[in-house]
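Student: Sequence:
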Amino acid sequence: MGFFDKILGSKSEGGEKASKVNWNELTTVDQLNDVVEASKQNKVVIFKHSTRCSISASVLNKFEKQIGEEYTLYFLDLIAHRDISAAIADKFKVVHQSPQAIVLENGEVTQQDSHYGILELTL
1 MGFFDKILGS
11 KSEGGEKASK
21 VNWNELTTVD
31 QLNDVVEASK
41 QNKVVIFKHS
51 TRCSISASVL
61 NKFEKQIGEE
71 YTLYFLDLIA
81 HRDISAAIAD
91 KFKVVHQSPQ
101 AIVLENGEVT
111 QQDSHYGILE
121 LTL
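Each residue of the sequence shown is one higher than the last, beginning at 1 in full-length UniProt numbering.
Please note: incorrect hints may appear among the correct ones.
[Said to hold, decoys possible] Heads up, simulated DSBU-like pairs for lysine-lysine below, C-alpha to C-alpha not over 35 Å straight-line:
1) 91 x 20
2) 62 x 93
3) 91 x 62
4) 62 x 43
5) 43 x 91
Just so you know, these hints were derived from the structure itself, not from any lab.
Use the sequences and the hints to build the structure in full.
Tutor: Dropping the structure here:
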């Protein structure tokens, strides 16, 4: 079972469902430069998820059902990569929250929210 299968569900015999979202996993701080470059071609959403939080899991599930294909999506496991979360806060001048979604266009944050407010973003 892969990383995203563990966090987001899988098509296993246990009846869990697989994520239909094409996530790009953030695992290094250096990838943030790639995120900025990607946002110059397409709108980007960074989803910061805590694998220990039921609210985060609920918001992630609902978010995946409403997000359109016109976004490039990046997923950050906050528990495994606290350093990347700190780098995101510093680089994009946003206060760390969990769960949190940050929308970038042309290298700039255009929207961000946390908890159930994520579901109210204009996406």
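Student: Decide, hint by hint, whether the structure agrees.
Tutor: Okay, the hints, checked on the actual structure:
1. 91 x 20: holds (29 Å)
2. 62 x 93: This hinted pair holds, its Cα atoms lying about 26 Å apart.
3. 91 x 62: holds (27 Å)
4. 62 x 43: holds (20 Å)
5. 43 x 91: Holds, at about 17 Å.
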